[in-house]
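Residue numbers (our numbering), protein chains in the order written: chain Z, 408 to 508; chain G, 701 to 1318; chain X, 2 to 202; chain A, 16 to 364.
Hints listed in this document are in silico derivations from the structure and should not be mistaken for laboratory results.
Only a predicted model underlies this, so the values are computations on that prediction, with no experimental measurement involved.
There's no promise every hint is true.
Said to hold, decoys possible - DSSO-like, lysine-lysine: derived pairs with alpha carbons at most 30 Å apart:
id, chain 1, residue 1, chain 2, residue 2
1, A, 364, A, 278
2, X, 166, Z, 425
3, Z, 477, X, 88
Okay, here's what each chain looks like letter by letter:
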Amino acid sequence: MSEHTDVQHAGEAHASTKTYLVIAAILTVITIVEVGVFYMPAMHAILPPTLVILSAAKFTLVVGFYMHLKYDHNLFRAVFVLPLMIAMAVIVGLLFLFRVF
Amino acid sequence: MATTAMPHSTTAGPTAPTGLWSWITTTDHKRIGVMYGVTAFVFFLIGGLEALIIRLQLGAPGNSIVSAEHYNQLFTMHGTTMVFLAIMPLSAAFFNFVIPLQIGARDVAFPRLNAFSYWVFLLGGLFMNASFLAGPLFGTGTLSVAPDAGWFGYANLTSPQFSPGPNIDFWVLGLQILGIASLAAGFNFITTIINLRAPGMRLMRMPVFTWMSFVTQFLIVTAFPVITIGLVFLMFDRVFGTNFYRVSAGGDVLLWQHLFWLFGHPEVYILILPAMGIVSEVLPTFSRKPLFGYAVVVYSGVLIGVVGWGVWAHHMFATGLGPIADSVFSASTMLIAVPTGVKIFNWIATMWGGRLEFRPAMLFAIGFIAQFIIGGLSGVMHASPPADLQQTDTYFVVAHFHYVLVGGAVFGLFAGFYYWWPKVFGHTLRDGLGKLHFWLMFVGVNLTFFPMHFSGLLGMPRRIYTYGADLGLNTFNLLSTAGALLTGVAVLVFVINMFLSRRGPPAGPNPWNAATLEWATDSPPPVYNFTVIPTVHDLLPLWRKGGMEPSPLPATPPAPIHVPPGSVWPLCAAIGIITMGVGALMHHHLVPSLATALVGLAVLVVSIYQWAFEPFEV
Amino acid sequence: MSHAAVAHHTSTGLDSRKIAFWTFIGSECLLFGSLIATYLVYEGRSVSGPTTHEILNIPLTSISTFDLLMSSLAMVLALAAVQRGDKVWGRVWLGMTALLGAIFLGFQAYEFQHFVHEGLGFTTNLFGSSFFTLTGFHGAHVFVGVIWLLTLLVRSLQGKLGPEKALNVEIAGLYWHFVDVVWIVIFTVVYLIQTTPLPTT
Amino acid sequence: MARAFLRRFRVSPWIVGLALVTPLVLMACSGDPYPQSTLHPTSDTSEAIDALYRNIFWWAVFVFVVVQSALVYTIIRFRSRPGAPEARQIHGNTIVEIAWTLAPAAILVAIAVPTIRTIFKLKGDAPADAVQVEVVGHQWWWEYRYPQLGIVTANELHLPQGRPVALSISSADVIHSFWAPKLSGKRDAMPGRTTHLAFTPDSVGTFHGQCAEFCGASHANMRLRVMVEAPADFDTWVARQTAAPVAVDSSDALVLAGEAAFKKIRDPAAHSCIICHTMAGVSGGIAGPNLTHVGSRTTIAGGTLPSDSAGIAQWLRNPMAEKPGSLMPTIDLTDDEIAALVAYLQSRK
């Protein structure tokens, strides 16, 4: 948690309505791409990695813009990202322990 | 969220309301801390009693003081009670009372949520212990439906096929309810520590106890959801017949062990870090010198918290995870021994060059260090998987975790009792009785748990209600039983000390001449803690050369201070939750079960709305 | 609470409730993380009963995913409106978000009923248990979100949701977006990545 | 003077230290008063574990002595006595911090290297010619199957000395843990999974063991014996086990009555032995242990009772009392029924 003095937020940098609409459009496009990729047999071999990347992109877009994490105090980022990292480590760890060993 | 203009109950210096109703609706962190302390200490005594009966049964081979079924219920309840109903809430008692005072705040960030945590804990603890007497409700005798599958209740022994009775339902639902209390407290204290520090108190000027509590709250907030999910799977298996741990349907019994120990190891750091924090406060005060290497102690605490997430499978070396997993978890477990060792060296260095006064608090802190060293070393011994194959599930491991939990956490908590008693009640505990308590407990604990190293290495497995007379374990078990009785006497001496010292002379704001903020205000502190919120300039405000600004605090607050009113809704919400628990307990009879659960849900929802829209000014 | 900024002193200048809520969201990551980990670990280990290929309906779920994405957009617009003090559009977007959420629940109810009809019950096999628990937990969170949004709508209609109360809407928005983000992960992990079942160890 | 202070302050860590050292040394060389001890290895695996443990143990004693004496010395030297100097306000010292971070790290590396080497050595994969034994844990007894030899027995594992053994361990109900300390570390017996242990017993003898994972009411009564015999004795045991069951001696009325009782205990015959127990040529029940050669076993009831007539009688009279929660029902057998059964069972050599 970074250290700082008594910063009084005058008014958060508001993302404008236009950005929200753009973000919504991007999310829709990514979703369409995801479903499209699913139905393409050519992509079947590398389906999981591509889908993980696409959904990670959607994840960061929503968290960054809609949940305001990009503009907000980085304390919120720390308090959210640390548990998120632990959650991902748990998923990867358990998958290794159950599937690989 | 209060909207209507609410007449502020500001008074120059409001006298705390008295009477039972004021306690039921209290939102004052000090009262909640005292309630946590009293309730947890009663559960500690119950857990201690269970331990005594266990030790009497194991005093000699082939004993029949208790039957196998009763013994299995006793050791399960001993473990569950001590971990979830004694040590965690005792730490919570210190969180509640001390953290706001140490960081110079008037109360926690969400006073009503704080009350909610206590009431859910109390009702969850009563719910869990009601299992001892609830036999007749399920058509069996008393003392027959308490949980009996161990404090970590491994899968498919807890499945409906092998534990058909309500025993495990009490355990699962009890832990879910207690989990809610801990999570609520976690969010509350993280926000309090981040947001309500006195001006000038940067993170690296916070007292170490607050720092260790901060790491503990993060571990609670991230670890409890994992066991909640493990328990949800078990609850669904038992109530709806799902297949999570059903081997015939492809379910894997190891899933429970992984989910439990993913929570389990952060949990043991949740148990020990507060005690480490207390010791880091007590040692400097009675050595008359600052903590050695403050930043290193803080960072090693944070490191323990983070690495604590990477060691869980060292509880599962006997399940044959394969050499790679064994090596990885063995390495991470040994890695975590380094910051722990660093802390111990820093404590010893704190005393080096000091003027040590051996008041009871100091004795307990030194006892903590001495015994935590033994516990830590026996821990490193079975950090190596091959050695662990001989030691896991034997009394060697029982000795290990009792040295770190009793020798460590309980000694640390007693140090905290003696240290902050004057601040809480206005008078100190008697020195003489305190020293007697320490010496009896120190000898008792070592007499109980040191022989267990040998009975473990000589082949005595864990959780057996009796053992063969031909295994050569008789003398070691007899010593342990004698030690347990002695420890019981020691705790009795402490209880006597609590009552005898009630009429003691007033202790004044700073009896130990300590350095942290909680000693700047009166003992016991007024409802609003500080007449004026002090500005902090360095780590040890009360030991500053130039004294504290404004130094010292004025006797009465210059401007009226707003004190948040009481609220009954946290208790009502807790009652709603416990009613849903009771409903789920009766899942064998659908209609009454559903009806009770829905009533509980209704009470909960109404309470939440009332709570949300009640005019309440923090 | 007479004005948006917190009246008394805080060391970070941020609102305590927002800090607490972000911590809550971090904690929920672990809750859903464990559920997803269990689903992935148990994928392909069902001994009997229908498998993912036979029963999951991708087109239908894509529409409900799109529906939830749009509800996130509506939520953000609702927050902006309340912050601007625009009562009318605030109520419209709050109502729209709740409606889209309800539609999503409708899709899920239909899907569950359809699965049971197809022979995949809660206790049929491992896939059934882990699937229904994961999506059920998410559905329950969506349901709580819809109730929360309707409560805010009622408060707004009572004139108690002025710009100074925008923080309440912002926290409801954090919750709603988080539930949407969890669905994004579930949609990918459960519906799209149907890894071929590995032989049970 | 020092003695007074030692006593007044905290003398126990020294006694605790000595207490840690002496008994362990004593035990390491005493005879067999500790049949289930982990410190008297009798196989290559347990010797490897024991060697590793002793290495770690002496490191621990070294650290214990260093750190505890530092603690005790600090307490004694800096205790506040009249005229003692004021406390020096030291805040920290980076060099010292680095030193006592690297020192434990170095010791841990010294422990980690042999540990990981031993982990990979004891991976549990035995050579091809090993004696294969399938160990199956049941609620509260052990079943052993020798696939190569076609033998099924219970609770008492017979092994040849000097030949590698490969155990593949699983469970029929809940999680147990197969543990014969002198022969090897424990390995969990889990339903739905097969785990492995491999070792080569190097000395003849009867070694004690016990279930080491809590598995219900009679977890404490789930004991086992491992009889390591010279290869010749092992072969005679195998021969006897695989031989056709000895015919019932028709002249002995008691044994005949016992056989009849074994097959059918009063109406309804729901509780007859044949329903749960396998007796080659007589019955194929699998809920209980295989009794084909029970006569040749030294213990019964999960290794908790001697297999002499008094022990069997005590077990038959009230199984629930011997093993709480036992699945074997308590039938109120008359004394002569018990005597007959005892005779019959003991005849099943």
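Hint-by-hint comparison with the structure:
About 18 Å separates the Cα atoms of residue 364/A and residue 278/A, which keeps this hinted pair within 30 Å; it holds. Simply put, residue 166/X and residue 425/Z have alpha-carbon atoms about 24 Å apart, close enough for the 30 Å limit, and the pair holds. Between the alpha carbons of residue 477/Z and residue 88/X the distance comes to roughly 27 Å, so the proposed pair stays at or under 30 Å and holds.
Hint compliance for this structure: no hint is broken.
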